[in-house]
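Trainee: Here is what each chain is made of, one letter per residue.
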Amino acid sequence: MSKKEFFPMDGDRTKYPEIKSDGTADIDLSSHKYIKLWHGPNHPGITGNMAVELTLCGDEVVEGITHVGYLHRGFEKLMERRKYIQNFPLVCRIAVPEPDYNEYNYATCIENLTGIDVPEKGMWLRTLTLEMARLQGFLMWIGGMAGAIGFGTVGQWANYCRDLVLDRFEELTGGRIYHIYILPGGVRNDIPEGFKDRMEKNLREIEGFMKDIRRAFFDNYVFKKRSVGVGYIDPAWVFDYGIVGPNARAAGFKHDIRKNYPYAKYAELDFEITTAKDSDIYTRAFLRFEELLKDIDLIRQILDKMPEKGDHISKVSNMMNLKIPAGETYVRSECTRGEYGYYLVADGSEYPRRVNVRGPSYTHGVALLEKMLVNVNIADVAQLMVSLHTYPPEIER
Amino acid sequence: MSLEDLNKKQIVSPDGEHFEVDPMNDYFCQDRPEEVKPVNKIVERFYNWARSESLWILGFGTGCGAIEMRPLMTPRFDAYRFGVQWRPTPRQANLLIVSGYLSTKTLKRVIRVYEQMQNPKFVMGLGSCTINGGMYFDSYNTIKRLDYYLPVDVYVAGCMPRPEALLAGFEELKKLIKAGKAEGANEYANKFDWYKKNQKEVIRDWDMPDYNW
Amino acid sequence: MLENIISELEKQFQLEAVDHNSSDLVFLTIDRDHAVMAIDLLKWKFGYKHFVLLTAVDFLEEGKFQLTYILNNPDTKTDIGVRVRIDREDANMVSAHHLWPTVATYQRELKEMFGIDFPGSPRLNDPFILEGWEGTPPYRRDFDTKAFAASFYHQREGRTTNDPATYMKEKLYPNE
Amino acid sequence: MGEKILFALISLFLTINYGFLMNGVIRKIYARVGRRHGIPFYQMYIDLIKTLALRTNIRHGTMFYLGPVFRFAGGVGLFLFTPVVFGSAMFGNLSFSGDVLLLLSFQFFGTLGMALGAGESGHPNAAIGVTRGLAQMTAVEVPFVLALMGVAIQYDSLSLHDIVAAQQGGIMHWTLFTNPFIVAAGMLALLGSFMRPPFDVVLAGQEIPIGPPTEYHSNYMALMLSNRAIFPMAKAILFMNLFFGGANTYWEMMIKTFAVVMWSVFVGVSFPRFRVEQSIRWFLRVPLILGILGIVYVQFFMS
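Chains as they are written, first to last, in the numbering used here: chain B, 3 to 399; chain D, 84 to 296; chain F, 172 to 347; chain Y, 163 to 465.
Incorrect hints may appear among the rest.
[As the list claims (entries may be wrong)] Stretch by stretch, here's where chain D covers chain B in the computed footprint (C-beta under 8 Å, at least three residues):
#1 40 to 51
#2 71 to 83
#3 112 to 126
#4 145 to 158
#5 309 to 317
Calculated from the structure, these hints are not laboratory results. Here a beta-carbon is modelled for each residue, glycine too, at the ideal position from N, C-alpha and C.
Extracted from the complex, chain B is given alone in its bound form (with noise of 0.2 Å):
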């Protein structure tokens, strides 16, 4: 007897599921092979509110479907019998890690079509919070990250120096999440005084936590062991399924929005993306750490180089009841997750005809991570959602 045919689960493993002609796994439940379990929503391996049906072959997961909706409040009709001021509030509770990217966007819909100039330290600052929210966003994910695989040692670093960039933020716009700073014309308050300082204070004690968590998660044998060569993305996937972000620099696309197509003050900053080869979870994993450390370099710059003086905010007129000719228009940026966008009509009255939010995690969250559960252990399913940085409120708004 052959080893392939004593362990015949052994070897190729995605042959199983077999595909039948129709493109759907042949999966026959009543045979008693297989187990069907919700990976959520009800479950701490779940990023967010959302839930993944999978059908279990043993240890391995051979179909993998995502539920989305259990986060749906319906902003998109919302903000359509909002003025557009109004909107302002909800547009930050879109995607509540990083809410700034929501306002940045719907802000500069606005500007873009009424042309409502932004004084030049309004654009740093904007680009300030941008980046402090990027920063803040990855320290999260670096705690979720280990958390998904039980290293509760480096999530508690990760969120303790989330906390100090969250005090920055405080102090910045007066929020701790939701920060609604970044207004049409530029943003709500000045920057206060002493705020470098202190920020370089916050962001050396995270250089060394970050010096810390590279050696005890980066460089952990265990961690390499269960992450690498898992859950990998195929360079050629990058265009079928949307992926943007991180997840398809560490395929090798070099793509960065910040870069490709600079918006605020990136264009006077200096930084080179961050690209990988072979996007494993590790790949990724350790791809957004560099990103992470770059952001920190980020903000020094930004710091730097913000003018002293100047207005923070525009003059807009009559900014209560905001009328905008009718028009379209598309606005990108670059969060932690990839290409956020807004896509905003305008009919020419007071409320817009239509606000239409496009999270990274819509292609991320369904199509790409259906593909990618197939032939993964279900112990691999947490870390593999968290690889993806997966965020459901902007998949189902």
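Position chains D, F and Y relative to chain B; hints supplied.
Mentor: This is chains D, F and Y only, laid out in the frame that chain B set:
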């Protein structure tokens, strides 16, 4: 899960044995919840102290309030200091934090989760959206007040509430439990029909048993 | 750059309108039957291989839905928005899921939220976001979400509504 | 005999309390490493009272109820037949000649009982957790049994009392120094049976919440909490007797077991967790080789 899954069906075992499965009787307990009165006042007071000092939160982030759960359990705010811990399964948890707005789809899961928790159990409503709908007052998909569907012990107002507010909420809940006023499970049992009526009015495709333990 | 592509497209298709939004973003309007063909051409010939989004806009007054496909060319860093006007009654559109697998997700959402049919798109009728929804698809403009929420859900009494401009003026600048 | 049983119960009571406090301290250490303040060290007692104070509970059948009982019985059994303090009438427990073999079966007894109970609970997460747990336990047993055999061969006895007696007379007589290979194999096996990272995928919170105890609550949970206090203690006492020269006083026992437990804690705070097949492979590599080396060493170099 769909409604058809609850019908009786024939199942063939791997050995070729046929048997009938009636999910409603075999998988679910159909009994209504019953009020359980505390037996002894002094013992109950001691028990209440233990309950209040050992709150096990169910790890179910139902809304955006879940984002403040991590700071809550991590170095800055560290709710563990107050005996608040985190449990992944509803069986072992005794505090359900409804962290923010509930879409009807989530409400269904939350009801199931709540019913799987064991008496005594407490519910904390987090955020303005559980109180009166908050900024989603005109949303077609979120409920506007939580206390019509589940007995709520403590509300924490804010959008979103800071971790400090949550810690204050825990303290308030502890006071209520120690005073013996957090009897949500018994209230749910007493007003079971009313709660079920409200829940069914909102959840249009009710495809589960009326009570899941 | 974009002009070449548009003139190239104009040779093959009837472009109803071309709106230049900025130097690297242009919106075209193409009729329903030829839109997916044009997108196909844009993808394979002109390198618009990154599919950004697909969404619908409800023009209730005109009785039309506008579908917007935004395509991005990562090499030339330009975007083209392909707009398609379809009838509101019996709304259906040619599916584009064969070009990008991920389009199927967008089409599932549009089917659910707008009631636009995409024959042949996989898992189109599976519930995606809503559960047990009956009646008008919620993103249509004739669906009044406030009236629905007021009648369907149990409300807590005591909510008042203010016009933001006048209220803010009263509260913050009473003397002005 | 009656006196002996009474003494054993007293030592059980003392040690279970020590176990509870130790668990509290362990969680405190976890918290401190994560820069937190952590729960109060007495939190375990409150949790125990609270789980007992639940007013309702769900029973899924007899085996469901018996699962935690078996688990607890396994822990208590393991404890009762291990001499806590060498040569003490009070804390000598029910140790007898050949008890090493009995302890080996008690080790597995609880896990098997839990498997039956969790299987009856009907929750898929519990079933998956249990299959993982049994597979990993089996792999852990291999180096552990090798270490145990090595000790038995070295001291030519299957009685813990004799094994400890042979290690008396100074620190250099401990198995730790006379045969470091089997001690290394045994200590690595200890990591696997303590359910801490990197070998805690059985109870993994994120991967499969939370494995066998998914459905357990109220009294069942209380039993399992007590087991979590007594089982690691019994295990640590066993290892202390086998490798670290036993204890002559209760205080010595406390210090030595604390050190043994801390070994797993310090590994636990600094690693994420393995998948189950990875941990099985790991146990069948390094610790297995160390165990075989130890036996070879005993056979050819010590006799």
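Trainee: Of all the hints given earlier, name the ones this structure violates by number, lowest first.
Mentor: 3, 5
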